[in-house]
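Student: Letter by letter, the chains look like this.
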Amino acid sequence: MSRVKKILSNYIFLRAVRAILTVFIVATLTFFIIRLMPGNPIEIYIGQLMSQYGMSFQDAKNQAAALFSIDLNAPLSKQYVIYMRNLLRGDFGVSFLSQGTPVALMISAYLPWTIFSVGISILISFTLGITLGMLAAYKRGSIFDHIMSTIAAILSAIPNYLIGILLLIIIGVQLGLIPVSAMRGTVSPGIKPGFTWIFIKDIFSRALLPIMTYVVSTIGGWTLSMKSSTLNTLGEDYVTVAKARGLPESRITFAYVGRNALLPLFTSLTMQMGFLMGGSALIESIFVYKGIGWALGASIAQRDYPVMQAVFLIITIAVIVANFIADLLYSKLDPRIKIGGE
Amino acid sequence: MTREILNIENLFVEYSNIRGKVKAVRGVNLKLYKGENLALIGESGSGKTTLGTAIIRLLPSSGYIKDGRIVYKGNGNEYDISKFSEKELRQFRWKEIAMVFQSALNSFNPVLKVWDQIYDTARAHGISNRNFVKERAISLLRYVQLDPERVINSYPHELSGGMRQRVLIAMSLLLEPKILILDEPTTALDILTQRNIIELLRTIKADMGLSMIFISHDLSLAAELADRVAVMYAGAIVELGSVEDIFYRPKHPYTLGLIKAVPTVTAGFRELYSIPGSPPDLINLTPGCKFAPRCEYKNSVCEKDEPMLVEVGQDHFVACFRHKEIGNGR
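Sequence order for the protein chains is A and B.
In terms of the working numbering, the first sequence opens at residue 1 and continues consecutively.
In terms of the working numbering, the second sequence opens at residue 1001 and continues consecutively.
Just so you know, these hints were derived from the structure itself, not from any lab.
Don't take each hint at face value.
[Stated by the list, open to error] Partner residues aside, some chain B positions facing chain A, computed with beta carbon under 7 angstroms:
#: 1; residue: 1090
#: 2; residue: 1099
#: 3; residue: 1106
#: 4; residue: 1108
#: 5; residue: 1120
[To be verified] Simulated DEER-style distance windows between Cβ atoms:
#: 6; chain 1: A; residue 1: 138; chain 2: B; residue 2: 1195; range: 36 to 46 angstroms
#: 7; chain 1: B; residue 1: 1075; chain 2: A; residue 2: 143; range: 40 to 50 angstroms
#: 8; chain 1: A; residue 1: 158; chain 2: B; residue 2: 1080; range: 51 to 61 angstroms
[Unchecked claim] Below, in silico cross-link-like pairs of lysine to aspartate or glutamate (EDC-like), each with a Cα-Cα straight-line distance of 16 angstroms or less:
#: 9; chain 1: B; residue 1: 1021; chain 2: B; residue 2: 1281
#: 10; chain 1: B; residue 1: 1034; chain 2: B; residue 2: 1176
#: 11; chain 1: B; residue 1: 1324; chain 2: B; residue 2: 1311
#: 12; chain 1: A; residue 1: 192; chain 2: A; residue 2: 202
#: 13; chain 1: A; residue 1: 243; chain 2: B; residue 2: 1088
#: 14; chain 1: B; residue 1: 1034; chain 2: B; residue 2: 1227
#: 15; chain 1: B; residue 1: 1031; chain 2: B; residue 2: 1080
#: 16; chain 1: B; residue 1: 1087; chain 2: A; residue 2: 249
#: 17; chain 1: A; residue 1: 338; chain 2: B; residue 2: 1158
#: 18; chain 1: A; residue 1: 243; chain 2: B; residue 2: 1086
#: 19; chain 1: B; residue 1: 1113; chain 2: A; residue 2: 334
#: 20; chain 1: B; residue 1: 1178; chain 2: B; residue 2: 1078
#: 21; chain 1: B; residue 1: 1031; chain 2: B; residue 2: 1004
For each residue, glycine too, the CB sits at the ideal point set by N, CA and C.
With the hints as constraints, model all of the structure from the sequences given.
Tutor: The structure is reproduced here in structure tokens:
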């Protein structure tokens, strides 16, 4: 009995229940919302069959239904039940656009590239941002601080797709530093994946512009948050006491100021992960970088319902997982936070 | 034999802010003798904390020593603290003069265990033998009546305010400093915990030969712990003397007012006294005695010249033109 109670009140168990509930709600909402969008891919396809091959409406409809493996006459509620039942089995369905391709296969082909480019960007942007923010706080009121803070405020105010377009125009077109049109896609044809220098160099050069865009658009936010967080921490009594204790400046900077100033930024770090994955739709479309965002953009254009549903779901799951990891890590970083209140 | 260990000579400390220069400490001369307890008392903004932090040069970034010397006599040498480089200061702090702060609750880094912070302190002063530091830390924590094994592995938030203040006091004794500065050591604590800390400080005073400076607005704390008392007003010492002189024979109207303003349980609220007016603006100081506007003894001279400290009894100094008329009728 007490064992059952313990499991039920277990923090991770509760989190898992909440996560599943969230996924369910998001799956339901996306299912209905995307069906409310104007335009229906099957109708378009039926129209195509009729005009190109002179089929009758009924024949074309039957063929389309066979291809899309969806019962078109079924009411929405029945379609929903079928979708959910398949989803429970881990079946995302089959793409409308690339006929016969399972959506799961498409996701597994696109998702790693987005995780790669977004992950690297966050790493670079966060590291650089907190360093600059801390420097600005330590040199508060100096010219460095003024210039840094102004640039950071401007950068954090520009939407990332605008930065993407600017980079494309300036670096790709005006300066011609990067052959943009040759840089489409995630990996050059003929290069085998693996831990080879050629492969790593290739994927980084192709992800360069998206990564730059993410970094430039998020670094300002990190710099400003870290600056204000550091300034707050510098005013804490324990920093004064640490100085009175004669601790070396480096120890105070890293273990006393830095570590405490970082704590509040940690929550935003994981939020950013989800935010960038969702926002990658525009950036990846701009650079034709074939990650999950590009797949989302393409599938929306063609109303490829199964792919859209799957991508939205993946982004949701990514945010949930990132938040969960953040909570676990946070409790390790800040001893005042105890998971589950044991 | 009383030997001086610290000699503050004509010290001026200022803070610069948008409105101008705040003259927080104005020409303080003060000696601290070996093994004595000196209390610095005064109301908020009188410059007592500024004086205390100036001794270890831990003023906020807007503050600076305008003039004067802080001479520390230890290890057979004399050092002018006000001339120390950052590196010299770092080695000097906590090793020679340790300071216990008012904010017991926030004196510790929340993400490091007590042990890590004790070891940090030892290592900063070149003691890196873990076992040696641990033994010393455990004996000190036991000395301040804490359970060493439990406390040493705790995070600060797992300890109560009183326990944290004890840990900080224990940590302040870690390197056997010659001087301990305590800035409002009991202010943030409840009344019973205050009592315990006072008892602890008395024990330390009896056991160890170190000199202490108490900074407090709490006269009862000064009366219990101090050998000598310096009363500060508007950045200057207005009266200095033995604890008996200050409490039984005060010669400055401000000291008198402070004593009269202390509530006692038996007297009720009937005769609770408060000094009229408010402390002066330390940016635009008026000539004359700074206390004159609030003083019931003032005359025309008081508003023109500022009185200097004069000796009115053995080792009893007061900065007041009319000290002869004060305190006799109390």
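Student: Does each hint hold? Answer for all of them.
Tutor: Do the hints match the structure? See the list:
Interface hint at residue 1090 of chain B: satisfied, since its Cβ lies 5 angstroms from the closest Cβ of chain A, which is below the 7 angstroms cut-off. Using the Cβ-Cβ criterion of 7 angstroms, the hint placing residue 1099 of chain B at the interface with chain A is satisfied: the shortest such distance is roughly 5 angstroms. The beta carbon of residue 1106 of chain B comes within 4 angstroms of a beta carbon in chain A, closer than 7 angstroms, and the hint placing it at the interface holds. A hinted interface residue such as residue 1108 of chain B counts as satisfied when its beta carbon comes closer than 7 angstroms to some beta carbon of chain A; here the least separation is about 6 angstroms, so the hint holds.
Given the 7 angstroms rule on beta carbons, the hint for residue 1120 of chain B holds: about 6 angstroms separates it from the nearest Cβ of chain A. With their beta carbons about 42 angstroms apart, residue 138 of chain A and residue 1195 of chain B fall inside the hinted range of 36 to 46 angstroms. Between residue 1075 of chain B and residue 143 of chain A the beta carbons are some 43 angstroms apart, a value that agrees with the proposed interval 40 to 50 angstroms. At about 54 angstroms, the CB distance of residue 158 of chain A to residue 1080 of chain B agrees with the hint of 51 to 61 angstroms.
Taking the CA atoms of residue 1021 of chain B and residue 1281 of chain B, the gap is near 11 angstroms; set against the 16 angstroms cutoff, the hint holds. About 14 angstroms separates the Cα atoms of residue 1034 of chain B and residue 1176 of chain B, which keeps this hinted pair within 16 angstroms; it holds. The straight-line distance between the Cα atoms of residue 1324 of chain B and residue 1311 of chain B is roughly 12 angstroms, inside the 16 angstroms bound, and the hint therefore holds. Restraint check for residue 192 of chain A and residue 202 of chain A: satisfied, since their Cα atoms lie roughly 10 angstroms apart, inside the 16 angstroms limit.
Only pairs whose Cα atoms come within 16 angstroms are accepted, and residue 243 of chain A paired with residue 1088 of chain B is accepted, the gap being roughly 13 angstroms. Taking the CA atoms of residue 1034 of chain B and residue 1227 of chain B, the gap is about 12 angstroms. The hint holds against a cut of 16 angstroms. This hinted pair checks out: residue 1031 of chain B and residue 1080 of chain B have alpha carbons roughly 14 angstroms apart, not beyond 16 angstroms. For the hint linking residue 1087 of chain B to residue 249 of chain A, the alpha-carbon distance of about 10 angstroms falls within 16 angstroms, and the restraint holds.
A distance of roughly 12 angstroms separates the Cα atoms of residue 338 of chain A and residue 1158 of chain B; the hinted pair therefore holds under the 16 angstroms criterion. Taking the CA atoms of residue 243 of chain A and residue 1086 of chain B, the gap is about 11 angstroms. The hint holds against a cut of 16 angstroms. At most 16 angstroms may separate the alpha-carbon atoms for a hinted pair to count; residue 1113 of chain B and residue 334 of chain A meet this at roughly 11 angstroms. Note on residue 1178 of chain B and residue 1078 of chain B: the hinted pairing holds, with a Cα-Cα distance of about 14 angstroms set against a maximum of 16 angstroms.
Of the pairs offered as hints, the one joining residue 1031 of chain B and residue 1004 of chain B holds, with about 6 angstroms between alpha carbons and a cut-off of 16 angstroms not exceeded.
When each numbered hint is compared with the structure, no violation occurs for any of them.
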